[in-house]
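Protein chains in written order, with this note's numbering: chain A, 239 to 629; chain B, 42 to 272.
Treat the hints as calculated values from the structure; they're not laboratory data. Ideal placement from N, C-alpha and C gives every residue a C-beta, glycine not left out. Hints should not be assumed to be uniformly reliable.
As the list claims (entries may be wrong) - Pairs of lysine-lysine residues, derived as DSS-like cross-links and limited to a Cα-Cα distance of at most 27 angstroms, are as follows: (1) B/181 - A/619; (2) A/516 - B/181; (3) B/248 - A/242; (4) B/115 - A/516; (5) A/619 - A/513; (6) A/619 - B/120; (7) B/181 - A/253; (8) B/181 - A/513; (9) B/165 - B/230; (10) B/165 - A/242; (11) B/179 - A/516.
As the list claims (entries may be wrong) - So, partial list: chain A residues that the calculated Cβ filter (under 7 angstroms) puts toward chain B: (12) 358; (13) 359; (14) 405; (15) 409; (16) 413; (17) 520; (18) 525; (19) 528; (20) 532; (21) 533.
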Amino acid sequence: MILKLANRNIIGNGKRSLINMFILAIVLVGLLWMMSMFYSWINLSKTQLKEWEQAEGMLWQKDYDPYDAFSFDKSLAPISTDQVSAINAGKAVPILLSQAVAYPQGRMMPTVLKGIPYSQSLLKIPSSYLKDTGDGLVPAVIGTGLAKTMKLEKGDILTLRIKDVSGVYDALDLSITHIMRSPVPAIDNGAIWIDLDTMQQYMAAPGYASQIVLEDSSLMSLADENWLYKSRSVLMKDFNEVLQTELASQSLLFGLFLFLAMIAIFDTQVLSLFKRRKEIGTLSALGMTQQQIIGLFTVEGLLYMVYAVLIGIVLGLPLFLWFGIKGWVLPDSYSDFGMIGFTETIYFKYPIWIILLVLGVMFGATALASWLPTLRIARLKPTDALRGKLK
Amino acid sequence: MEDKLVVISKMSKAFPTGEGDFLALKNINLSFAKGEFSGIVGPSGSGKTTMLNIIGSLDSQTEGEVKVMGYEIKELSSKQAADLRSRHLGFIFQTYNLLPVYTVYENVEFPLLLLSMSKEERHKAVMQALEWLGLTDKIKSRPAQLSGGQCQRVAIARAMVKQPGLVLADEPTANLDTENSLHILDMMKKLNQELGTSFIFSTHDQKVIDYLRRVIRLVDGEVVSDDTKAR
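Make a model of the complete structure from these sequences and hints.
Structure representation (structure tokens):
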């Protein structure tokens with residue numbers, strides 16, 4: 239009965255109802271889009287971090303501090319026999335780090351040199367380009383970010399000064415064999431990559447490494463007094479902190495959207511109560527309880543949301559399909575923001591929990607915005623309502 | 042006492058105003074029996090509607106006792122009062138107060154929905170009420186498509202459909218022309234006679250007064266006369 243009457247009232251309300259439904263539908267689609275974009279970006283970023291940098295965890299030489307570049311020179315330790323076995327089995331990849339100074343076009347730029355076996359396939363870094371070609375130059379791969387900073391192109395020769403474990407400086411000429419486009423800013427901007435064996439020779443540190451990337455978290459057993467195991471959750475700490483900031487701004491935007499939509503509903507309800515005072519009195523005279531009348535108006539508000547969902551499906555489905563299939567390509571300039579994941583197409587995913595969460599929040603907020611104005615009904619005397627009075 | 046639907050004793054009603062209380066009804070003592078066709082008449086502001094509202098449990102008295110169908114109005118909770126209205130009372134208003142989004146059929150059916158009757162029972166009762174009022178050809182019309190007289194007939198059908206013990210009609214002919222007024226009154230009188238439903242009117246319309254069997258005159262909140270015509 240209440241549902242039928244509420245539905246008739248909404249339809250009878252004409253354009254005002256339609257505007258409310260459209261506002262709610264647009265907010266619904268907008269919120270779903272935002273949430274899905276955020277979720278898909280997080281997923282993509284996590285995958286990219288895993289594929290390009292962290293795999294399923296890492297061993298860090300005990301003195302290694304990623305926030306202190308000066309620690310790099312002493313952050314190396316011999317790779318143990320067990321670790322070598324895992325490396326040879328393709329389950330782990332050693333990386334050697336060192337501070338270096340590059341001299342692109344006569345300029346001097348501090349940088350980080352990283353050594354990685356050219357034969358590795360655990361990380362997406364195109365290390366096959368690091369294989370020695372016998373031309374006397376050391377093959378090197380850099381990211382597009384660093385190439386832009388150093389104004390380097392494929393085939394350029396770059397002179398580099400490094401320091402070996404004894405503190406002796408040496409110079410080497412690198413040949414840029416490949417410029418990679420990595421979605422992970424630390425990989426794209428942060429380092430010059432050469433073959434691990436070559437770097438160990440120049441560093442006079444054969445069999446040494448600074449990090450060992452692990453294929454599986456079960457390889458944490460390879461940690462010893464020189465090597466500390468860092469799980470993915472530890473490695474993701476920085477990313478998660480960025481995520482928290484993003485989440486806060488997303489929530490603010492989410493709340494603002496919701497607030498605007500709820501104002502529309504609240505306003506409609508207040509106006510509706512004012513215009514329909516006599517109807518409230520009549521319903522009361524006919525025997526409806528205050529709770530039933532409050533329920534009627536609340537259901538009316540909620541029905542706007544039900545219709546908004548239907549309109550949202552019509553409006554949003556093509557949009558969601560487009561972003562799910564074609565993805566969202568951000569302009570190149572976004573890569574300058576240094577945010578992971580922004581350089582690749584983001585294919586939207588719509589997990590059921592996101593849909594249920596957005597619907598739940600919107601239905602809850604609509605119910606509240608619909609119900610709050612009806613509290614006046616509880617204070618309204620039927621005789622006043624019949625006379626058209628509303629206190 | 043058993044055939045008394047309404048018993049009012051020493052009832053007063055005061056409304057608070059900025060300058061103290063305004064006494065709208067003063068020391069009223071009345072009773073209404075089953076099957077009465079009576080009216081409270083008097084000029085505007087005499088307290089007719091206030092009395093009708095109290096009998097209809099839409100309001101309550103300030104002092105005294107008002108028993109309707111055995112229920113003391115002042116002691117009823119809001120829910121109990123709604124239940125009393127829903128089960129035993131019918132209302133007819135001056136401005137019809139039909140639900141504009143409902144059809145004639147749905148408007149008449151509405152009070153039965155509150156009584157949780159089955160669909161078949163509802164249909165039977167609604168069609169019977171519409172037949173009484175000669176509205177069977179208008180069941181799909183909406184109030185906006187009807188004349189004032191037709192709207193008031195729908196309102197009467199809505200009040201009568203659950204066959205209440207008492208129908209309270211507040212100035213039911215005020216918005217109608219003479220022909221429609223008389224038609225409506227004829228119908229209500231017929232329903233009163235055939236179904237035994239009690240009617241209490243609030244009116245100052247002479248046409249209505251002429252139809253009443255019992256006329257209670259109210260002036261400034263006080264009963265000044267209570268006359269019953271011989272049958």
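Now for the hints, and whether the structure bears them out:
In summary, the hint linking residue 181 of chain B to residue 619 of chain A is not supported, as the alpha carbons are separated by about 32 angstroms, beyond the 27 angstroms threshold. Taken as a hint, the residue 516 of chain A and residue 181 of chain B pair is honoured in the structure, with Cα atoms around 23 angstroms apart against an allowance of 27 angstroms. Between residue 248 of chain B and residue 242 of chain A the CA atoms are separated by roughly 39 angstroms; this puts the pair beyond 27 angstroms, and the hint is violated. For the given pair, residue 115 of chain B sits about 23 angstroms from residue 516 of chain A by alpha-carbon distance, which is consistent with the 27 angstroms threshold.
Distance restraint check for residue 619 of chain A and residue 513 of chain A: the Cα-Cα separation of roughly 16 angstroms lies within the 27 angstroms cut-off, and the hinted pair is therefore satisfied. Between residue 619 of chain A and residue 120 of chain B the alpha-carbon distance is near 13 angstroms, which keeps this suggested pair within the 27 angstroms criterion. Between residue 181 of chain B and residue 253 of chain A the alpha-carbon distance is near 24 angstroms, which keeps this suggested pair within the 27 angstroms criterion. The straight-line distance between the Cα atoms of residue 181 of chain B and residue 513 of chain A is roughly 25 angstroms, inside the 27 angstroms bound, and the hint therefore holds.
For the proposed pair residue 165 of chain B and residue 230 of chain B, the alpha carbon gap of about 22 angstroms is at most 27 angstroms, so the pair holds. A distance of roughly 20 angstroms separates the Cα atoms of residue 165 of chain B and residue 242 of chain A; the hinted pair therefore holds under the 27 angstroms criterion. For the given pair, residue 179 of chain B sits about 24 angstroms from residue 516 of chain A by alpha-carbon distance, which is consistent with the 27 angstroms threshold. Violation of the interface hint for residue 358 of chain A is found here, the shortest Cβ-Cβ separation to chain B being roughly 72 angstroms, above the 7 angstroms cut-off.
Taking 7 angstroms as the C-beta cut-off, the interface hint given for residue 359 of chain A is violated, the closest approach to chain B being about 69 angstroms. Because the beta carbon of residue 405 of chain A sits about 89 angstroms from the nearest beta carbon in chain B, more than 7 angstroms, this interface hint is broken. Contact between residue 409 of chain A and chain B, as hinted, is not supported at the beta carbon level, the nearest pair being about 88 angstroms apart and thus beyond 7 angstroms. With 7 angstroms as the threshold, the beta carbon of residue 413 of chain A stays out of range of chain B, its nearest partner Cβ sitting at about 81 angstroms, so the hint is violated.
The closest approach between the C-beta of residue 520 of chain A and any C-beta of chain B is roughly 4 angstroms, which is under the 7 angstroms cut-off, so the hint is satisfied. The criterion of a C-beta within 7 angstroms of any C-beta in chain B is met by residue 525 of chain A, whose closest approach is roughly 2 angstroms, and the hint holds. Hint status for residue 528 of chain A relative to chain B: holds, with the closest Cβ pair at about 6 angstroms, below 7 angstroms. Evaluation of the residue 532 of chain A hint against chain B yields a violated restraint, the C-beta minimum of about 12 angstroms exceeding 7 angstroms.
Given hint, residue 533 of chain A at the interface with chain B, is violated; its Cβ is 13 angstroms from that chain's nearest Cβ, farther than 7 angstroms.
Figure legend: structure checked against the earlier numbered hints; hints not met, in rising order: 1, 3, 12, 13, 14, 15, 16, 20, 21.
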